[in-house]
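Novice: Those protein sequences? They're chains U and R, same order as listed.
Just so you know, we're using the numbering used here here: the first sequence kicks off at 2 and counts up by one.
Just so you know, we're using the numbering used here here: the second sequence kicks off at 100 and counts up by one.
Just so you know, the hints here were simulated from the structure itself, not pulled from any lab data.
Incorrect hints may appear among the rest.
[Unchecked claim] Restricting the straight-line Cα-Cα distance to at most 27 Å, the calculated cross-link-like pairs of lysine-lysine (DSSO-like) are:
no. : chain 1 : residue 1 : chain 2 : residue 2
1   : U       : 283       : U       : 138
2   : U       : 41        : R       : 209
3   : U       : 297       : R       : 363
4   : R       : 453       : R       : 369
5   : R       : 116       : R       : 454
6   : R       : 454       : R       : 561
7   : R       : 209       : U       : 3
8   : R       : 116       : R       : 481
9   : U       : 135       : U       : 283
10  : R       : 209       : U       : 135
11  : R       : 158       : U       : 135
12  : U       : 157       : U       : 204
13  : U       : 135       : U       : 41
14  : R       : 409       : R       : 242
15  : R       : 369       : R       : 405
16  : R       : 325       : U       : 41
17  : U       : 297       : U       : 3
18  : R       : 561       : R       : 335
[Claimed, not checked] To be clear about the criterion: a stretch of chain R counts as covered by chain U if any three or more of its residues have a C-beta under 8 Å from a C-beta of chain U, and this derived list gives those stretches:
no. : stretch
19  : 197-207
20  : 446-452
21  : 737-745
22  : 796-802
[As the list claims (entries may be wrong)] Listed next, with one range per pair, are the computed distances between beta-carbon atoms:
no. : chain 1 : residue 1 : chain 2 : residue 2 : range
23  : R       : 553       : U       : 60        : 29 to 37 Å
24  : R       : 168       : U       : 142       : 52 to 60 Å
25  : R       : 371       : U       : 88        : 53 to 61 Å
26  : U       : 199       : R       : 179       : 42 to 50 Å
27  : R       : 230       : U       : 21        : 38 to 46 Å
28  : U       : 143       : R       : 156       : 19 to 27 Å
29  : R       : 733       : U       : 215       : 30 to 38 Å
Glycine residues also receive a C-beta, built at the ideal position from the N, C-alpha and C atoms.
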Amino acid sequence: MKAFEYAAPSTIESAVSLLGDQWGETEILAGGTDLITSLKQGITAPDRVVSLKHLGLNDITVDEDKGTVTIGAMTPMGALASDNTIARHFPALAKAASNLGSPQMLSTGTVGGDLCQRPRCWYYRNGMGLLAQKDGKSLVEAGDNRYHAIFGNGGKAKFVSASSLGPALIALGATIATSSRRIPASEFFATPKSESERETVLKPNEIATAIEVPLSGLKNATYEVRHRRGLDWPYATASVAFQANGGKAQVVLGHVAPTPWVASQAAAVLNGAAVSSEIAAKCGAAASQGAAPLSKNGYKTKMVETAVKRAVLIAAGLQAEG
Amino acid sequence: MASASWPEKGNRSLIGKRISRLDGPAKSTGRAQYAYDVNLPGMLWARVLPSPYARAEVKSIDASAAAAMPGVHATWVDEDLINDEVRYVGQIVAAVAAESEEIATDALAKIAVSYTPLDHQVDDNNPALARRPSDKEEGDLAKALDEADVVVEGNYSCPVITHCCLEPHGQVAEVRDGELFLWPSTQNVSRYADRLDDAVGIARSKMHVDCQYMGGGFGSKFGHDKWGIIGSIMAKETGRPVKLMLERDLELAIAGNRPSAHAKIKVGTKSDGTVTAFEGELWGTGGSGGYSMRAFPYVFNVPNLKTTIKGIRTNRGGQRAWRAPSHPQTCFLTMSALEDAAAALKMDQVEFYKKNLGLTDRPDVYAEQLDIATKLIGYDRKSHLRGDASPGPVKRGLGFGLHTWGGLGHGSECEVTINPDGSVSASIGTQDLGTGARTLIAIVAGETLGLPLEAIEARIGKNSYPASGASGGSTTTGGIATSTRLASTAALNELLAVVAPRLGGNADALEAKEGVIREINHPNNAIAWADACALLGTNAITKRGVNNRTEAKEQGFIDEGVGGVQIADVSVDTETGVVTLNKMVAVQDCGLILDMKTAESQVMGGLIMGITFALFEEALYDPTTGRMLNADMEFYRLAGISDVGDLKVHMMTGEKYEKRGVIGLGEPPVISPGAALSNAVANAIGVRVPELPLTPERVLAALA
Chain U
2 MKAFEYAAPS
12 TIESAVSLLG
22 DQWGETEILA
32 GGTDLITSLK
42 QGITAPDRVV
52 SLKHLGLNDI
62 TVDEDKGTVT
72 IGAMTPMGAL
82 ASDNTIARHF
92 PALAKAASNL
102 GSPQMLSTGT
112 VGGDLCQRPR
122 CWYYRNGMGL
132 LAQKDGKSLV
142 EAGDNRYHAI
152 FGNGGKAKFV
162 SASSLGPALI
172 ALGATIATSS
182 RRIPASEFFA
192 TPKSESERET
202 VLKPNEIATA
212 IEVPLSGLKN
222 ATYEVRHRRG
232 LDWPYATASV
242 AFQANGGKAQ
252 VVLGHVAPTP
262 WVASQAAAVL
272 NGAAVSSEIA
282 AKCGAAASQG
292 AAPLSKNGYK
302 TKMVETAVKR
312 AVLIAAGLQA
322 EG
Chain R
100 MASASWPEKG
110 NRSLIGKRIS
120 RLDGPAKSTG
130 RAQYAYDVNL
140 PGMLWARVLP
150 SPYARAEVKS
160 IDASAAAAMP
170 GVHATWVDED
180 LINDEVRYVG
190 QIVAAVAAES
200 EEIATDALAK
210 IAVSYTPLDH
220 QVDDNNPALA
230 RRPSDKEEGD
240 LAKALDEADV
250 VVEGNYSCPV
260 ITHCCLEPHG
270 QVAEVRDGEL
280 FLWPSTQNVS
290 RYADRLDDAV
300 GIARSKMHVD
310 CQYMGGGFGS
320 KFGHDKWGII
330 GSIMAKETGR
340 PVKLMLERDL
350 ELAIAGNRPS
360 AHAKIKVGTK
370 SDGTVTAFEG
380 ELWGTGGSGG
390 YSMRAFPYVF
400 NVPNLKTTIK
410 GIRTNRGGQR
420 AWRAPSHPQT
430 CFLTMSALED
440 AAAALKMDQV
450 EFYKKNLGLT
460 DRPDVYAEQL
470 DIATKLIGYD
480 RKSHLRGDAS
490 PGPVKRGLGF
500 GLHTWGGLGH
510 GSECEVTINP
520 DGSVSASIGT
530 QDLGTGARTL
540 IAIVAGETLG
550 LPLEAIEARI
560 GKNSYPASGA
570 SGGSTTTGGI
580 ATSTRLASTA
590 ALNELLAVVA
600 PRLGGNADAL
610 EAKEGVIREI
620 NHPNNAIAWA
630 DACALLGTNA
640 ITKRGVNNRT
650 EAKEQGFIDE
660 GVGGVQIADV
670 SVDTETGVVT
680 LNKMVAVQDC
690 GLILDMKTAE
700 SQVMGGLIMG
710 ITFALFEEAL
720 YDPTTGRMLN
730 ADMEFYRLAG
740 ISDVGDLKVH
750 MMTGEKYEKR
760 GVIGLGEPPV
770 ISPGAALSNA
780 VANAIGVRVP
790 ELPLTPERVL
800 AALA
């Protein structure tokens, strides 16, 4: 492992000042479930690691006047999963967090870390690069892409976003507060075009500090298709949110694109409609439109349809949580 | 004289009871010391440098920069590879030993290897690449197919999987005063050091192997391997202990692959379900080495058959024996094809198997086991012909697997000592790779000497003890049980001769029971065990017992050949493809059961391992780079406890089974799950998912 400097500042300002302005020079350490293995494998080799452990940022607070719930970026995923306020207002978020399954990941992984973690693409994790190019060709396209993207994969990035919370936060209209600005969750994620870019719009010396979720009374749910019941990555996730009459609908997919994927054509099916099994199925079918599977991941379109359909039914109270 | 024969049913104090493992608390509290846990003063950490290429010519290997690093004490280079080829990613080309694991890791990066990459081939499912077929023909296949009422044809496939031992391969080695001390993770204590002497330059008589606990082998830990040689050489060179354990990625990529098996199968049956014809072409890979696959077709000896088996050499790590070599693969291939035939006939599965039990080696056993298994799973209540017709996306189904195995005890020698203070030890150069060897030795010695389990010190895991075979092929329990029984009986008879004058003079009229030596016909005429042993004065009794497998089989101590029936009850979500195992029943015979609890545990462990390969396991390779993509425990999935469902085990007991003597149990229960789960999924969703593992993507593909 490359030797690095370690800093654990006690204010956000000093944390920001310790971060470099180029990706790769410095890395932020939150829960460490991703960064530590990445350092050990030499996937990441910074000169300095800046730990956020002394910054606090781990409360969940309700502001009735503003009508928001604020989740500190260092809140453990397990605390999010078991919080009563979150469970009552945002089952989509609680479910997305609890789906992690592993007690270790739930107690160690953080909300901010979930948003900023790097992709699990096995080409990337085996040291073949974020975009996995060899001799100008995509190793992913030529190789085993069963867990790769079916949407947004026209560029070099074929991986899927690993974020569990991203889809639910976008569906719920959340905002991400950083050390320098406020970013709507829907604009937080980005698809890198080169090896030196990352999967969010954050700058190298910018720290996500909190997530604000509006108390808008939307019905919401997350449904995840997974193989193992314990720790495992989902094949496909759908988070949905809509008003009781089907208005203001949002349908966001996870683990099918390099970012959480907003399925606006699926949301359009819901908008203004009284939710029924038939509408839910139509919504699911609409969600898979535009999918462009690679050689081995065509099956994901069926999973997307199912995940959206079931999330809609669960949010509407027409089906028990899976 | 006390007889060495196994005691009759009413006359057993320990054998067949439910006894917890003696070393369970040590293992579950972390006190048990595995090879990975051995840490010695001054110990160095060794790491190996793997080839990044699936195939390349090695021009040079220069470890001088690594050797010059502070903290590095030794480097090792595979000189034989220079101007030769590496043949798979992960092949070890060099190694370093350093003060810390971190320094060793960093030093690896300083080893300069000059490679010329060559074309490689990792695809294992292209029969055109297969070589050296072995053919078998019996009866008249063409005529039987012609005369069959129904002929079904299908392709079936199971991939390469790994052993994925929780404790990776490796050892700690130390040279002191010219003698080599080794703490390996091995399933072959007595012969671990074979041929290591030439490589290291130390006589075998000066090699001391110690393996008290090992974290899984499953057939992959018979030899000392290249890392055993490297670690021993480095220990000799540095004069310091050297720990060399594989990292998880190398453990999966190079320390053991179970060969894949893909097949095209044609089955012909009469309209009443009788199977008359079987044609099978089977291919797969054993990696960079040879390909070994047999027992095809499986269990059912179809009278008219033609089979071809051929291997594809690939640039992957080599195959190693994996729990019941060949059987899980050919069981899945054969039983899937047979179930497809039953489905084509619209015939009940049990009726179909019963119709064909005459083709098996033990029809009566399978018939009895089928009855028990169907009752335990609730077959009458749950069964339906192929395709669950109930509404809703979740379909439920039942599927069967039938299997067989040998399990004749291996050669084994045991030394039993009765000390004047009454203590007893039984020593065997065997190992416990999970079957409960330590406990079984104590059970047999305690039973023989009329003592409680705690009175026996069972010593295993050292090559200084009397030699015993490698733990492979379900051979250990029969071997160590017999040698322990013979040694214990011989020791007891000597003690009885010493005690006889105090109890009426006739040693033949005495027995050792309940902690005393007593007259068989006058149990009140007794002497406590400790008092009896005190009569030995200063001389301990030490006796050896030898399991000669041929004689022992003739004499009824051991036997071979078992049957088993398993049924899986699955639910399949047809909208996501996810298979959930609700319940699984395993009915198994293994002759005379020494410990009901460890026997049942063994079957449960086999089921879990089998369920895992049925649902999850698959070694995936990238065609461009030739690298294993999932050499980790993130995407090389193993079942967790919430994935395995409700497991029910039924062991066959009674005179018919017990009179056969002891038969090993390690392999049989792992064989059937692939077949049973695949058949259950087909029964649920109405179509065959032709490949294992039964992943959601494969289920959806089959349904599409």
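Novice: If you check each hint against the structure, which ones fail?
Specialist: Hints 1, 5, 6, 8, 9, 17, 20, 23, 24, 27 contradicted; others consistent.
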